[in-house]
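Model the placement of chain S on the given structure of chain D, informed by the hints.
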Amino acid sequence: MSAVIAKGVGKTFGTKSGDVVALTDVELTVEPGEFVSLIGPSGCGKSTLLRLIADLDSATTGELEVFGKAARQARIDQDYGIAFQQAGLLPWRTVAGNIALPLELHGVSKKARADRVAELAALVGLDDFVDRYPDQLSGGMQQRVAIARALAEQPRLLLMDEPFGALDEMTREYLQGELARIAAETGAAVVFVTHSIPEAVFLSDRVVVMSPRPGRITDILTTGLGDARTEALRESPEYFERVTAVREALHGAPVERANER
Amino acid sequence: MTAVAADRAASADRAESRSRAARVVAPIVVGAIILALWFLVVDVLHAAPRALPSPVAIVGQLAEHYDIILEDMGITATNALVGLAVGAVVAIVLAALAATFRPMDGMLAPLVAAIAVVPIVAITPILNTMFGASSQFGRQYVAAIAAFVPVFVNVLRGLRQTRPVHRDLLRASGASGLQTFRVLTLPTALPYLLTGLRIASSIAVIAALVAEYFGGPADGIGTAIASYAKSGHAALAFAYVAGGIAIGLVLFLVMSLLERLVTRGRPV
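These protein sequences, in sequence, are chains D and S.
Going by our numbering, the first sequence opens with residue 1200, and the numbers climb by one from there.
Going by our numbering, the second sequence opens with residue -1, and the numbers climb by one from there.
If a hint is listed, it holds; no wrong ones were tucked in.
FRET-style restraints, in silico, Cβ to Cβ:
| id | chain 1 | residue 1 | chain 2 | residue 2 | range |
| --- | --- | --- | --- | --- | --- |
| 1 | D | Y1373 | S | V163 | 18 to 26 angstroms |
| 2 | D | P1290 | S | A120 | 38 to 46 angstroms |
| 3 | D | V1220 | S | L109 | 40 to 48 angstroms |
| 4 | D | R1433 | S | L255 | 49 to 57 angstroms |
| 5 | S | V163 | D | S1257 | 14 to 22 angstroms |
| 6 | D | A1321 | S | P162 | 28 to 36 angstroms |
One-sided excerpt, in silico: chain D residues whose CB lies under 10 angstroms from chain S:
| id | residue |
| --- | --- |
| 7 | R1250 |
| 8 | A1253 |
| 9 | D1254 |
| 10 | R1274 |
| 11 | I1275 |
| 12 | Q1277 |
| 13 | Y1279 |
| 14 | Q1284 |
| 15 | Q1285 |
| 16 | L1289 |
| 17 | R1292 |
| 18 | E1303 |
| 19 | A1345 |
| 20 | A1349 |
| 21 | E1352 |
| 22 | L1358 |
Below, a list of computed lysine to aspartate or glutamate pairs in the DMTMM-like style, where the Cα atoms sit at most 25 angstroms apart:
| id | chain 1 | residue 1 | chain 2 | residue 2 |
| --- | --- | --- | --- | --- |
| 23 | D | K1268 | S | D166 |
| 24 | D | K1215 | S | D103 |
| 25 | D | K1206 | D | E1361 |
| 26 | D | K1309 | D | D1326 |
No lab work stands behind these hints, which were simulated from the structure alone.
For glycine and all other residues, C-beta sits at the position ideal for the given N, C-alpha and C.
Looking at chain D on its own, in the form it has when it is part of the complex (with noise of 0.2 angstroms):
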C-alpha cells in the first residue's frame, strides 16, 4: 500500500481580493519507504501540500489517502509524524517532556513513556539533555528533539517542512546525514519540504519540482543515488549532476554554463 496517493488535488484559499489558488492538479504518489523532497520557489504550495497531507488544511478539490484512508482518519490514527521549521517545543517541558507529548496525548503508560523516550534520546544524541529546557538548547538540537518527537510513535510516514530551514549551514548538513541515517534505521516514508535543492538531491529517492502562480508539480526527478547518504556523495560527480538538473528543472530550461558561453 502507498503511503501517500494524490490524484488531482488543489486547493484554493479565500481572501477578501478573491480565491487564490495555491495548488491545482497534483498527482502524486510515495511509496513506502520512500525518501520524497518537495522544492521549489515561494508560493508555488509545496509547505500547501504537505499541510493537506498531513490535514492540519484540507483539500478543495481530488482525492488524497495516506496509507488507503482518508487524510483525517491517517492524522487521528497517528499514521505520521510531523516536523516544523520552528522546532515547535512547548518551552515550560523538558526535552524529555517534549518527545513524549505525543505519547502522553494517547495514554501511554509513565513506564513506556520513559523507555521510548530514552529510545528517541539515543536515536538523535541528545541522551545527555533530556533533562535540559529548550531555550538552553541549540537551534540544531531543538530540531533534534523535535524529529524525536516526530518519531515518538513509530510513525511509517515522517512529515517534513523546511526542517532545517532556519539552520546555519554546518549544523544543517550535519543533521542531513542524521536524517539519511534514521529514515534509514526506521524504513519510514519521508516528505521533505525544501528550498535547498543540494539539500533534496542530498537526502531524497525523488526529487518534485514545483513552481508558482498556480502552485503545480511542473517534474518529478528521480537521483538514482542508491541508499549511501554519506559525506563522500556531496564530493560525487552523479551528486552535482543531479543538483544541475534539480536546478534547470526548476529554471525551465538548461542554464547556460559559462565555458559554453
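Just chain S now, with coordinates in the frame of chain D:
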C-alpha cells in the same frame, strides 16, 4: 582558561556581587537618610506642621497599640482577600468564555471597559448604604470589582497567546479540545494569570482600604486612619498607615513569589 581570562572572569564575578550588594544596600541607605531628615526636622528643629509626628512617636504608637492595629489589619486584609478571590474567579471564568466564544467577547468587552473606568470612590457610599452599616459586604464588593479588571484583561490576553506552530502540532498529534486546553492553552496563559493576580492584589488592598473611608462598620485600617487623623492622634494614624502598607506589601510579595515559582524554568 588563560590566566588573563581567569582574572577577567574573577573580576566580573566581583563586579556582579558588588552590584548585587548595591541593589540591597542602596534603598536601605535612602530609607535611613529620609528617616534621619524626618527626625531632624520634627524632633530637633521643631519645624514641622503639627499633623506630622516624629518617626519615634509613630514607632512608639505601633509598639503600644500593636494588638488593635493587628486586629484592624486582619479585617481589612480579609476584605481585600475575599474581594481578590471573588474578582479573580469571576474574571477567569468570563475570560475563558470570551476566549472560547467570539460573540461572548463582543458582549463582554464594553462591559469590562465600563467596569474599568468606574471610580471606586463614586460607588462605595452607594454600596455601603445598599448593604447596611454593619456589613463588610460592600467593602468586599468594591475590592472584587477593582481586582476583576486586571485579572480579566491579562487572562484573556494569555489565552490568546498560543502559537500557530503549537496548535498545528497538537492537531497533528490528534489531540482533543480538552487535551489542547490542558497541555497548551492553560500553560501558555498561566504567567499572564499570575501577572494579573499580582497587579490585582495591590489594587484590592487599596480598594478595600479606601472603601472604609466612606462608612460601613466601625473597624478596619481605613476607618481607624480617618478617625484618628481627625481627632488629633496623628502618630497613631501614621502607625495605622504603616499597617496598611504592610498588608499590601505582604500580599504583593506572596503573589510575586507564586509567579516566580510557577514560571520557573521558562524563558522570560
